[in-house]
Amino acid sequence: MENTVYWEKQNPQSKLCALHCLNAFLQGPKVTNEELLGISKRLGNSESALLRVPGSRSHGTDSMAYSYDSDGGDFDVTVLIEALRLRNFQCNYYTLNDMKLSMFQKSEKWGFICNAHKHWFCVRMLMTDQWFILDSLRPGPQEIEYGALYSYISTLLESKQGAVFLVSPMVPGMKLPVAEPKQYPRLESHQMFLTLKEIRGMFYALRYS
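Per our numbering: the sequence shown = residues 1 to 209.
Just so you know, these hints were derived from the structure itself, not from any lab.
Beta carbons: idealized from backbone N, C-alpha and C, even for Gly.
Treat the hints loosely; a few may be bogus.
Stated by the list, open to error - Derived pair list, reagent style SDA-like, types lysine to any residue, alpha-carbon separation capped at 20 Å:
1) K15 - M192
2) K9 - T155
3) K109 - I153
4) K100 - A148
5) K30 - Q183
6) K109 - V171
7) K30 - I153
8) K106 - G147
9) K106 - P177
10) K9 - P29
11) K182 - S168
12) K9 - R186
13) K41 - E8
14) K182 - P29
15) K15 - G38
16) K106 - I144
17) K100 - S154
18) K100 - L156
19) K15 - H190
20) K30 - N88
21) K106 - S168
22) K9 - S189
23) K175 - P29
24) K118 - E8
25) K160 - H117
26) K118 - S154
27) K100 - K15
Stated by the list, open to error - Have a look at the derived ranges for each label pair, beta carbon to beta carbon:
28) T195 - K175: 18 to 24 Å
29) P12 - L187: 19 to 25 Å
30) K182 - T78: 29 to 35 Å
31) L37 - T195: 32 to 38 Å
32) A148 - K109: 19 to 25 Å
33) K182 - E34: 20 to 26 Å
34) Y184 - P139: 20 to 26 Å
35) S151 - H190: 29 to 35 Å
Please build the complete structure, drawing on both the sequences and the hints.
The structure is reproduced here in structure tokens:
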């Protein structure tokens, strides 16, 4: 069976980029918005309980550095980290000091989740040796050469307009997930398993439309 890439298209009016980012990274519709809402509620309750402990440093809710969610599904990074942890993936901040070109040459052991201008997307090496930017607001999965990806990530970090996180398995020998379309015979209209030909066709059609 021909290899495919899983990608979700975002309604521009929604704030579900975190959900789409996670499912693109996991290469299937494995996470639901309800799960993320549940995680955010648990994290919020845990922090509220901590703030009520006598002697703990108290902050007013208006001055907290972040919030866990909004009614529209706009989730804080702690929610994404927990959703990945529950699936045995660790998520660590990636900085300019971590940048090494060799990390981008061939990597099936890790990928990236990124936030730029309050929008979540991910970057994965799929189809054996091809990097893709999996952004739910783009026309489709975007192929990118490793040198260009190195420059892209560097620019994102240098601009200080977002954040990058390195995601890797917590279990020795565990691999990053790949698309398995046979497991999901019924998809919603925004959920897609795409062949490389279909992906390239999306951008070709856009270029000449």
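Which hint numbers doesn't this structure obey? Hints 2, 7, 11, 13, 27 not satisfied by this model.
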